[in-house]
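Hey, can you work out the whole structure from these sequences and the hints?
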Amino acid sequence: MMKLSLSFHGVTEPSRPGLRDLFRERARHIERRLASYQPDVIRIDGRVAKNPHHHLYRVCLRLKLPRAALVAATEGHDLRTVLFDAFNELERRTTRHVARLRCLPLWKIAQRRLPLGRFAPAAMALYG
Amino acid sequence: MTNERPLRVLVADDNPDSADSLAILMRMSGHEAQTAHDGEEAMRIAVSGWPDIAVLDIDMPVLSGYDIAKAVRAKAQRTALIALTGWTRDVERDKARAAGFDTFLTKPVDFDQLDSLLDGLKDRPRGEELRNAEPLAANG
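The listed protein sequences correspond, in order, to chains Y and Z. Residue numbering for the first sequence follows this note's numbering, beginning at 1 and increasing consecutively. Residue numbering for the second sequence follows this note's numbering, beginning at 1 and increasing consecutively.
Take these hints with a grain of salt, some might be off.
Calculated cross-link-like contacts (lysine-lysine; reagent style BS3-like; alpha-carbon spacing at most 25 Å) [as the list claims (entries may be wrong)]:
id	chain 1	residue 1	chain 2	residue 2
1	Z	K75	Z	K95
2	Z	K122	Z	K70
3	Z	K107	Y	K64
4	Z	K107	Y	K3
The following label-pair restraints were derived from C-beta to C-beta distances [claimed, not checked]:
id	chain 1	residue 1	chain 2	residue 2	range
5	Y	E75	Z	P16	15 to 25 Å
6	Z	R27	Y	P52	16 to 26 Å
7	Z	D90	Y	H77	47 to 57 Å
8	Y	R28	Z	G30	40 to 50 Å
9	Z	K75	Y	Y37	37 to 47 Å
10	Z	D38	Y	L56	31 to 41 Å
11	Z	E40	Y	P66	23 to 33 Å
12	Y	R92	Z	E32	37 to 47 Å
13	Z	D59	Y	D78	40 to 50 Å
In short, the hints are calculated from the structure, not lab data. The model shown is predicted, which means the values in this text are computed figures rather than measured ones. All residues carry an ideal CB built from backbone N, CA and C; glycine is no exception.
Dropping the structure here:
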């Protein structure tokens, strides 16, 4: 199991219902991207802080891996959205990091996705 | 005498996400940060005299961290130089020290350790004043 920690600074308990569950759920997404690592060497530390003067929430996520440490930081007025955005950013960084480790240049990933674009009109017709 | 200006930190790493991550944390700690993703770009910024501190990855394309450290020291700049590498062997530490690095950190970076290291540098003389300052103690 990967190691997780989440701390709150200036954020009251009632303003963060279900936030720990959301944190764990989104962390599992990241863990899936890191399938080549032993889970116990992966660590995500989350820090949620509120700026009382501007009513702004700031979320900082730190992902620690062997030989790499990645960070994502976001801020905004809605706590859940800010946490979501931070995890999206961390996931992007993680994906790029894993691709780099596989020596797979990003342009190759983009190129692989190109053929999928052919199915977009059909998909739009089905689900749009 | 306390220096009011925020520390200027150059973070150079050919892994852009690692460099950006470190820069984000530097800015959150109240410092100014610039990133470079290859040795040439890092050299340009490092020798410009802008940074108070340069955190340099050793293995970078075009120029290595050692090359940059040597160039900075050759210009008699007293920018604090921190080597960053995945290698933990003693020979790497010795090479870093010989190149002019003040401190040696291994990847993954311990952000809290780096933060306290920078905190210790806040009140140090900077820029021209650094010419007469004592070098940092070797770390790790």
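- Violated hints, by number in ascending order, as checked against the structure: Checked against the structure, the hints that fail are numbers 8 and 12, while the rest are satisfied.
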